[in-house]
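Asker: Spelled out, the chains give:
2 protein chains.
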Amino acid sequence: MKIGVIGCGLIGGSMVMDLKAKGWTDRVYGVDANERHADSARAYGFIDEVTDLDHIAELTDVILLAIPVQAIQTVLPVLLDQLNDEQVVIDMGSTKAAICEHIKTHPRRKQYVAAHPIAGTENTGPSAAHEGLFKDKVNIICDRERTGAHAMDVAASMFRALGMKTVFMDAAEHDRHIAYVSHLSHISSFMLGHTVLEIEKDEKSIFNMAGSGFQSTVRLAMSSPDMWTPIFMQNAQNVTNALDEYIDHLVQFRKLLNEGDREGLQELLLRANQIRRILKK
Amino acid sequence: MKIGVIGCGLIGGSMVMDLKAKGWTDRVYGVDANERHADSARAYGFIDEVTDLDHIAELTDVILLAIPVQAIQTVLPVLLDQLNDEQVVIDMGSTKAAICEHIKTHPRRKQYVAAHPIAGTENTGPSAAHEGLFKDKVNIICDRERTGAHAMDVAASMFRALGMKTVFMDAAEHDRHIAYVSHLSHISSFMLGHTVLEIEKDEKSIFNMAGSGFQSTVRLAMSSPDMWTPIFMQNAQNVTNALDEYIDHLVQFRKLLNEGDREGLQELLLRANQIRRILKK
Chain A
0 MKIGVIGCGL IGGSMVMDLK AKGWTDRVYG VDANERHADS ARAYGFIDEV
50 TDLDHIAELT DVILLAIPVQ AIQTVLPVLL DQLNDEQVVI DMGSTKAAIC
100 EHIKTHPRRK QYVAAHPIAG TENTGPSAAH EGLFKDKVNI ICDRERTGAH
150 AMDVAASMFR ALGMKTVFMD AAEHDRHIAY VSHLSHISSF MLGHTVLEIE
200 KDEKSIFNMA GSGFQSTVRL AMSSPDMWTP IFMQNAQNVT NALDEYIDHL
250 VQFRKLLNEG DREGLQELLL RANQIRRILK K
Chain B
0 MKIGVIGCGL IGGSMVMDLK AKGWTDRVYG VDANERHADS ARAYGFIDEV
50 TDLDHIAELT DVILLAIPVQ AIQTVLPVLL DQLNDEQVVI DMGSTKAAIC
100 EHIKTHPRRK QYVAAHPIAG TENTGPSAAH EGLFKDKVNI ICDRERTGAH
150 AMDVAASMFR ALGMKTVFMD AAEHDRHIAY VSHLSHISSF MLGHTVLEIE
200 KDEKSIFNMA GSGFQSTVRL AMSSPDMWTP IFMQNAQNVT NALDEYIDHL
250 VQFRKLLNEG DREGLQELLL RANQIRRILK K
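As given, the protein sequences belong to chains A and B, one line each in that order.
Letter by letter, the first sequence follows residues 0 to 280 in numbering that gives the first Met the number 0.
Letter by letter, the second sequence follows residues 0 to 280 in numbering that gives the first Met the number 0.
Just so you know, the hints here were simulated from the structure itself, not pulled from any lab data.
Computed from a predicted model, the values in this text were never measured in an experiment.
Warning: the hint list may mix true and false statements.
You can't tell identical chains apart in this list, so a pair holds if it fits in one copy or across any two.
Claimed, not checked - With a Cα cut of at most 25 Å, we get these calculated SDA-like pairs of lysine to any residue: (1) 134 with 215; (2) 200 with 171; (3) 254 with 171; (4) 19 with 269; (5) 103 with 155; (6) 164 with 206; (7) 19 with 35; (8) 21 with 43; (9) 103 with 39; (10) 136 with 215; (11) 254 with 197; (12) 19 with 235; (13) 254 with 156; (14) 254 with 244; (15) 164 with 196; (16) 200 with 266; (17) 254 with 130; (18) 21 with 108.
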């Protein structure tokens, strides 16, 4: 199987690295808007050859799109136009509804798989790619009924080779849910980082007071703005709903605190504690 | 050296465990409001004998207070009343100003050390105690000028034995800074957990969509309400200031998102990214 990977960063790079190791592919062609990233990816050895958007379709059987979501929306229809009947395109974007809507009526829609492998770190670029990133993680495929049997077989085989468990979901439902369990986490962390940095301007050297708790909550604030700005914008309505509820809860906390309502606060924290039952199972 | 530890949970337990291993103490007496915790601590072997608040002073040289901050405020003056001239009390609370103010004029103030070792996890109780929790972490001692030379020597020796680096700070300054780098992180995480749990009531099974990013940001939501409610209340003014700035930044994010201001959003995330320069050094 010859793979083309568009975007040779954390996601695309880690993916082809494992697919090579598993023998799922014997040749990987890479495209990256950043020329140095493409060269690094070849130097690291997880792509065999650098190519470009005009040539990737004629060289490969499967094309992986691991680029920011607004770029997926632009590139995907152009790629689909170039496919023969057997080729498959799979995207890895963190939003699905806008992309699926955008190519809904494309004559080669059946050759596209709308995927979201739930894995990542706060780091970016080819140097962040590493083996085993996807192992035992969940992959979501959206609007499966719009994908043909051949493309679905290829995708199923590929995600299995990565050690992932695939679940199926409607694209709109995916975007609504992921706003809470991923996009909101990122916003809370980005804004926590921003808040503490603003204070640091006046209050020097507070960071030697930061423990592992702060590091854990603020880790996602190091994520790539190039990747996350388009995600938030493509999922603006769901993200706004989640954010409004989050702000409401923070305001509720503030109110209880300022009323000196110890029992009310304790009760609120106890309810939040229930997250343990989810995370520890 | 005979140690008394009041509160045999994560902090107190981990502390005496290491102090025993280092040979800094040859006998540890434990007190816990929860009888089963005291028994567990003895069963685990990190305390040698269970005692109570009325007897701990007559049995020990150094007493460690590792209980919720409002309990520290209640117990500390009673303990100080019972000390002979050589004994030392060290507290581990996450707020310092109210406690220091409370015992400011006590005749044995010089025998008290106001400490805050910056270490912990989201877990609680004797079963959460473990070796090496404090190694290479920062300890803060507040209002050092109010502590006498002997008590300070004992504390310095003890925190050194734990492998900690001690820095000194004014109690009010400590509370103002820690509101940002610790207390606010906990609120952001508690309320994130709460928000996502509220949604889960209507939207089942969203948690298999939660990746490592969500787990990292929501980890602190599993922290103990018994410990954290009093911390937030004792540091209410500073916590409110930090929370207000955090909410302002979330509202600012929401505004840019809803205006479709891609550049503004990107700029905001880039500023938050600067947290990397702090955390990675």
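Asker: Which of the listed hints are not met by the structure?
Answerer: Per hint list: 4, 9, 12, 13, 17 and 18 violated.
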